[in-house]
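Chemist: Residues per chain are reported as follows:
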Amino acid sequence: MQIKRYLHIWLQWLKISLGRESIFRGNAWVRLLGQALWLGTALVFFETLFLHVPSIGGWKRGQVWLLIAVNELAQQLYRMSVGGGIGRIPNLIWQGKLDGVLTKPISPLFNVAVSRMRPYDAPALLLPLALGWYAMRALNLHPTPAQWLWFGMLLAVGIAARFAITLSAVSLAFWLTRIYALPALLSEMFNLSGYPEGIFRGAARALFTFGVPVLVIANFPTAVLLGWPALPRLAAGALALGGWGALAAAAWRYGLRHYTAVGG
Amino acid sequence: MHWRKYALVTWLAVREAASYRLNHILSFVVGAVPLIAMLLLWDKVVGAGEKIAGMGRGEVLTYFIVTRWLYEIAAPTVWWDITSEIREGDLVFHLLRPQNYGLYHFAVILGSKLPYGIIGLGVVAPFALSIGQSWAWPPSALAWLGFGASALLSMVLGYQLTFLLSLSAFWLEETDGVALIADYVIPLAAGAVLPLSLFPKPIAAALEMLPFAKILFFPAQVYLGMVGGKAIAAGLAEQAAWIAALWALNAWIWRMGLRRFRAVGG
Numbered sequence: 572m573q574i575k576r577y578l579h580i581w582l583q584w585l586k587i588s589l590g591r592e593s594i595f596r597g598n599a600w601v602r603l604l605g606q607a608l609w610l611g612t613a614l615v616f617f618e619t620l621f622l623h624v625p626s627i628g629g630w631k632r633g634q635v636w637l638l639i640a641v642n643e644l645a646q647q648l649y650r651m652s653v654g655g656g657i658g659r660i661p662n663l664i665w666q667g668k669l670d671g672v673l674t675k676p677i678s679p680l681f682n683v684a685v686s687r688m689r690p691y692d693a694p695a696l697l698l699p700l701a702l703g704w705y706a707m708r709a710l711n712l713h714p715t716p717a718q719w720l721w722f723g724m725l726l727a728v729g730i731a732a733r734f735a736i737t738l739s740a741v742s743l744a745f746w747l748t749r750i751y752a753l754p755a756l757l758s759e760m761f762n763l764s765g766y767p768e769g770i771f772r773g774a775a776r777a778l779f780t781f782g783v784p785v786l787v788i789a790n791f792p793t794a795v796l797l798g799w800p801a802l803p804r805l806a807a808g809a810l811a812l813g814g815w816g817a818l819a820a821a822a823w824r825y826g827l828r829h830y831t832a833v834g835g
Numbered sequence: 451m452h453w454r455k456y457a458l459v460t461w462l463a464v465r466e467a468a469s470y471r472l473n474h475i476l477s478f479v480v481g482a483v484p485l486i487a488m489l490l491l492w493d494k495v496v497g498a499g500e501k502i503a504g505m506g507r508g509e510v511l512t513y514f515i516v517t518r519w520l521y522e523i524a525a526p527t528v529w530w531d532i533t534s535e536i537r538e539g540d541l542v543f544h545l546l547r548p549q550n551y552g553l554y555h556f557a558v559i560l561g562s563k564l565p566y567g568i569i570g571l572g573v574v575a576p577f578a579l580s581i582g583q584s585w586a587w588p589p590s591a592l593a594w595l596g597f598g599a600s601a602l603l604s605m606v607l608g609y610q611l612t613f614l615l616s617l618s619a620f621w622l623e624e625t626d627g628v629a630l631i632a633d634y635v636i637p638l639a640a641g642a643v644l645p646l647s648l649f650p651k652p653i654a655a656a657l658e659m660l661p662f663a664k665i666l667f668f669p670a671q672v673y674l675g676m677v678g679g680k681a682i683a684a685g686l687a688e689q690a691a692w693i694a695a696l697w698a699l700n701a702w703i704w705r706m707g708l709r710r711f712r713a714v715g716g
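Just so you know, the sequences run in chain order V and Y. Per the numbering used here, the first sequence starts with residue 572, numbered consecutively. Per the numbering used here, the second sequence starts with residue 451, numbered consecutively.
Hints in this document: simulated from the structure, not taken from any laboratory. Cβ coordinates follow ideal geometry from the N, Cα and C atoms, glycine included. It cannot be assumed that every hint is accurate.
The calculated lysine-lysine pairs, modelled on DSS-like cross-linking and capped at a C-alpha distance of 30 Å, are [what the hints assert, rightly or not]:
{"id": "1", "chain 1": "Y", "residue 1": "651", "chain 2": "Y", "residue 2": "680"}
{"id": "2", "chain 1": "V", "residue 1": "631", "chain 2": "Y", "residue 2": "651"}
{"id": "3", "chain 1": "Y", "residue 1": "455", "chain 2": "Y", "residue 2": "680"}
{"id": "4", "chain 1": "V", "residue 1": "668", "chain 2": "V", "residue 2": "575"}
{"id": "5", "chain 1": "V", "residue 1": "631", "chain 2": "V", "residue 2": "575"}
{"id": "6", "chain 1": "V", "residue 1": "631", "chain 2": "Y", "residue 2": "501"}
{"id": "7", "chain 1": "V", "residue 1": "631", "chain 2": "Y", "residue 2": "680"}
{"id": "8", "chain 1": "V", "residue 1": "586", "chain 2": "V", "residue 2": "575"}
{"id": "9", "chain 1": "V", "residue 1": "675", "chain 2": "V", "residue 2": "575"}
Ranges of calculated distance between the beta carbons of each label pair, as one might list FRET restraints [what the hints assert, rightly or not]:
{"id": "10", "chain 1": "Y", "residue 1": "542", "chain 2": "V", "residue 2": "603", "range": "50 to 56 Å"}
{"id": "11", "chain 1": "V", "residue 1": "800", "chain 2": "Y", "residue 2": "691", "range": "56 to 62 Å"}
{"id": "12", "chain 1": "Y", "residue 1": "710", "chain 2": "V", "residue 2": "589", "range": "30 to 36 Å"}
{"id": "13", "chain 1": "Y", "residue 1": "710", "chain 2": "V", "residue 2": "673", "range": "42 to 48 Å"}
{"id": "14", "chain 1": "Y", "residue 1": "455", "chain 2": "V", "residue 2": "579", "range": "32 to 38 Å"}
{"id": "15", "chain 1": "Y", "residue 1": "652", "chain 2": "V", "residue 2": "673", "range": "56 to 62 Å"}
{"id": "16", "chain 1": "V", "residue 1": "603", "chain 2": "Y", "residue 2": "660", "range": "23 to 29 Å"}
{"id": "17", "chain 1": "V", "residue 1": "575", "chain 2": "Y", "residue 2": "624", "range": "54 to 60 Å"}
{"id": "18", "chain 1": "Y", "residue 1": "656", "chain 2": "V", "residue 2": "603", "range": "25 to 31 Å"}
{"id": "19", "chain 1": "V", "residue 1": "671", "chain 2": "Y", "residue 2": "652", "range": "52 to 58 Å"}
Using the sequences provided together with the hints, build the complete structure.
Modeler: Encoded structure:
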């Protein structure tokens, strides 16, 4: 019953988002250009490196292409679903507009998170899908249905981990003013998920798996498609997600308790 | 006397920025995480004793730390204050004041970046220490002087580009597209993503002719002692020439923009 209700609310927000986005269709085109530029920059970066070295941390050219594609897919799915909504939280807090969200008889986090979906960005998914297909052809990869299942699970874990870290960070807005640069900086930090895991060893690998779990987002799903072991990666990803999820939930709940509206 | 009002604006911006110290520290700490990964990546790409495009491991790692810091204080961006003042009509209040609008915002940006730059030094210092003896220092007093002068000019050059990008608000409803160029194309062309010397020669030569290369790549080259006395002087002259050219271009665009500007506030 509860799930049905939330599904209904999600559908309503999707309709509202479609309506809003159709007014500002130009913005969607600009974002598409941005994704193309980002993807282009990543390709230029690694292609230039491959002019000088045969592999990066043990990763060959085609494998890095696949990683770039999976990373962009994960980032795009995050931005299309909850990224826009969660990015609003600092402003809602500072402007006292969170009151309007808190008065609704549903989870305020869910309500804010799905309030800025970007359905018109769906065509941007074609770019990473095309690059991924090309990379898999070049690598002669033919993943089994089980591998695709692992891939889906790890992709979901990665996107959820990104959500949890971002929520922990934006919850700081309950106590700090002027952290408006933080979401943008976090976004820059998450671009690191496109770096091959082979460059991280020892403490750095632990840091980027659990501390700042950027490896969980794209490297783990890519590794499964490359035929590398899935279970240890799923276990590590779930652990990172559990830790950050608990921290995010605590920060959000504690912040809400200390929230004092200042808007009028 | 004429400059005192701008100095006061800078001082007020310094005080405002300093009162948000925690924000700056947080921003820089979060910004430092990509630097860790970048250093790890380059550590794998350039092994000990190896060279890439004439740069050893220590020089490459130093390059990225120096350009990261420079990027934070000099990178061109779309300045939200300018675009919103143009769009929302608040520009009219500035036009009534006895001030140069471009200089006013330069004073504001300078004031907000100075504390950020100082805190940033504290944040990048551990990275420099982590490299240890591989850290590359400027090889001569001339390199030190040249780096200081080029860093100052790169801040002014970066601002001229910021002003140029922001003035697009006179013609554009949304400046997102312009911001994308600032966020993706400029870092690549300036040498923030890769040292320009790593690109194939024709591409590197073309990029070095653009003003963006003078914001990060050239000061970093001077710092690392990769360019000598004459090249330093020529590079500084090029920076100054780009500043003058962009200043003239901005003055023209400003005049054109003002003709389109209609204040609608009441």
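Chemist: Now tell me if each hint is right for this structure.
Modeler: Hints versus structure:
The suggested pairing of residue 651/Y with residue 680/Y holds, with an alpha-carbon distance near 22 Å, which does not exceed 30 Å. Restraint check for residue 631/V and residue 651/Y: satisfied, since their Cα atoms lie roughly 24 Å apart, inside the 30 Å limit. For the suggested pair residue 455/Y and residue 680/Y, the alpha carbons sit about 37 Å apart, so the restraint of at most 30 Å is broken. Note on residue 668/V and residue 575/V: the hinted pairing holds, with a Cα-Cα distance of about 27 Å set against a maximum of 30 Å.
The straight-line distance between the Cα atoms of residue 631/V and residue 575/V is roughly 46 Å, outside the 30 Å bound, and the hint therefore fails. Between residue 631/V and residue 501/Y the alpha-carbon distance is near 20 Å, which keeps this suggested pair within the 30 Å criterion. Of the supplied pair hints, the one linking residue 631/V and residue 680/Y is violated, its CA atoms being roughly 41 Å apart against a limit of 30 Å. As the CA atoms of residue 586/V and residue 575/V are separated by approximately 17 Å, the hinted pair is consistent with the 30 Å bound.
Pair hint residue 675/V plus residue 575/V holds up; C-alpha atoms about 17 Å apart against a cutoff of 30 Å. Checked against the given bound of 50 to 56 Å, the beta carbons of residue 542/Y and residue 603/V, roughly 35 Å apart, lie outside it. A C-beta distance of roughly 57 Å is found between residue 800/V and residue 691/Y, which places it inside the suggested range of 56 to 62 Å. Separated by about 33 Å at the C-beta atoms, residue 710/Y and residue 589/V satisfy the suggested range of 30 to 36 Å.
Restraint check, residue 710/Y to residue 673/V: a C-beta distance of roughly 43 Å satisfies the suggested window 42 to 48 Å. Evaluation of the 32 to 38 Å hint for residue 455/Y and residue 579/V yields a failure: the beta carbon distance comes to about 59 Å. About 59 Å separates the C-beta atoms of residue 652/Y and residue 673/V, a value consistent with the hinted range of 56 to 62 Å. Evaluation of the 23 to 29 Å hint for residue 603/V and residue 660/Y yields a pass: the beta carbon distance comes to about 25 Å.
One distance hint, 54 to 60 Å for the beta-carbon pair residue 575/V and residue 624/Y, is violated here, with the actual separation near 38 Å. For residue 656/Y and residue 603/V, the hinted distance range of 25 to 31 Å is satisfied, since their beta carbons lie about 27 Å from each other. Judged by the Cβ atoms, the range 52 to 58 Å given for residue 671/V and residue 652/Y holds: they are separated by roughly 57 Å.
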